[in-house]
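Enquirer: Sequence:
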Amino acid sequence: MSNNTNNNNELVQREKTIIKTSLVGIAANVILSGLKAMVGFVSGSIAIILDAVNNLSDALSSVVTIVGTYLAGKRPDKKHPLGHGRIEYLSAMVVAVIVLYAGITAFIESVKHIINPTVAQYDTPSLIVIMAAIIVKIALGTFYNRMAHVTSSASLKASGQDALFDAVISVSVLASAIVYMTSGISLEAYVGIIISIFIIKAGIEILLDTASDILGRRADPELTRTIKAILNEEPEVRGAYDLIINNYGPEKNYASVHLELPDTMTVDEVDKLTRHVQNRVYLQTGVILTGVGVYSYNTSNDEAARIRNAVQETILAHDFALQMHGFYLDMESKEMRFDVVFSFDIDYEKGLGILYEDMSHKYPEYQVTISPDVDISD
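Read left to right, the sequence shown gives residues 72 to 449 (the numbering used here).
Hints are computed from structural coordinates only; laboratory data are not their basis.
Note that the coordinates shown come from a computational prediction; the quantities given were computed from them, not determined experimentally.
It is possible that part of the hints are untrue.
When the alpha-carbon atoms are kept at most 35 Å apart in a straight line, the in silico DSBU-like pairs for lysine-lysine are as follows [unchecked claim]:
id, residue 1, residue 2
1, Lys433, Lys421
2, Lys299, Lys149
3, Lys405, Lys433
4, Lys145, Lys343
5, Lys272, Lys299
6, Lys323, Lys150
7, Lys91, Lys149
8, Lys149, Lys87
9, Lys299, Lys145
10, Lys421, Lys405
Construct all of the structure, not just a fragment, from the sequences and the given hints.
Expert: Here it is as structure tokens:
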């Protein structure tokens with residue numbers, strides 16, 4: 072009960088941290104947007120006006136992040152028994168769409184001003200506002216990224232990247248203003264084009280990154296290695312395989328795995344071991360093992376061990392066969408079974424055909440069953 076309580080407290084604290092961070096972003100972006108809009112209209116600078124619109128879209132993005140975090144924190148229900156955590160990924164996609172819209176709008180407006188140019192008038196207060204915006208955006212981007220690392224929030228990460236891009240954009244606006252004041256050459260609309268390209272690029276990158284989270288990306292290698300190391304510490308476990316981690320939102324991971332255990336263990340002993348490793352993995356990683364399958368291995372037959380080594384050498388001689396595990400041999404009934412992890416470089420049916428042909432040549436007296444596994448985790 073205490074473990075669940077601690078986990079709930081951590082989730083509540085995470086939600087509060089994300090909301091507080093987003094509120095800071097909203098306040099900063101609204102103030103910057105107002106100042107830039109005022110300077111942009113007074114000076115007639117399209118670049119500054121577009122920068123102000125971009126800041127306003129950032130504030131809207133933070134609002135989306137708050138709403139997404141609130142909805143993601145809702146308790147599981149009958150329709151969504153694993154919770155609502157993936158809503159955070161959807162909110163990050165909404166942020167990406169807002170950024171893309173701002174970038175496309177900026178591009179269109181900049182092209183219009185290239186066709187129908189206008190002359191901007193800068194003064195010292197204008198430059199001070201732009202320089203202040205650069206400092207604020209760098210600080211805000213750093214703050215967002217630090218909080219994104221602490222909370223594992225995709226939305227905060229997206230906002231942090233966007234804020235740092237905004238700092239680069241403001242630098243380009245400042246540079247164009249200085250060029251105009253010193254040489255009389257107006258680069259306003261062209262800087263607007265550059266700004267819009269940066270914004271569009273950032274939006275596409277956020278969109279693609281979040282889409283990978285929703286589709287299901289490969290599990291973090293460090294996490295999978297940690298879980299397997301925990302499992303392999305148990306004296307009865309000869310190997311941990313087929314680890315699959317399903318993500319249902321930041322810090323909400325459910326997993327299944329196969330353990331290779333001696334054929335002498337009773338069901339009672341396997342049950343005790345399963346409960347023990349589930350508890351250890353959760354306490355040390357926060358990952359919930361929802362299923363633990365079992366492979367048995369021969370313990371009292373040296374000939375079986377010799378054949379296993381020979382079979383493994385034959386199987387792994389093929390580049391597409393990354394791993395063999397779960398080997399068991401019944402010499403009385405002449406049955407052999409094992410799993411093979413296939414590379415994505417080959418269709419597993421074609422690979423199975425090759426392996427079955429090898430086995431029929433080397434062990435024609437055995438009935439061989441090969442189960443294909445996907446290279447799903449390190």
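Enquirer: Give a verdict on every hint.
Expert: Outcome of the hint check:
1. Between the alpha carbons of Lys433 and Lys421 the distance comes to roughly 19 Å, so the proposed pair stays at or under 35 Å and holds.
2. Distance restraint check for Lys299 and Lys149: the Cα-Cα separation of roughly 32 Å lies within the 35 Å cut-off, and the hinted pair is therefore satisfied.
3. For the suggested pair Lys405 and Lys433, the alpha carbons sit about 13 Å apart, so the restraint of at most 35 Å is met.
4. Restraint check for Lys145 and Lys343: satisfied, since their Cα atoms lie roughly 33 Å apart, inside the 35 Å limit.
5. With a CA separation close to 38 Å, the supplied pair Lys272 and Lys299 exceeds the 35 Å bound.
6. Restraint check for Lys323 and Lys150: satisfied, since their Cα atoms lie roughly 17 Å apart, inside the 35 Å limit.
7. Between Lys91 and Lys149 the alpha-carbon distance is near 30 Å, which keeps this suggested pair within the 35 Å criterion.
8. At most 35 Å may separate the alpha-carbon atoms for a hinted pair to count; Lys149 and Lys87 meet this at roughly 26 Å.
9. With a CA separation close to 31 Å, the supplied pair Lys299 and Lys145 stays within the 35 Å bound.
10. For the proposed pair Lys421 and Lys405, the alpha carbon gap of about 25 Å is at most 35 Å, so the pair holds.
Checked against the numbered hints above, the structure violates only hint 5.
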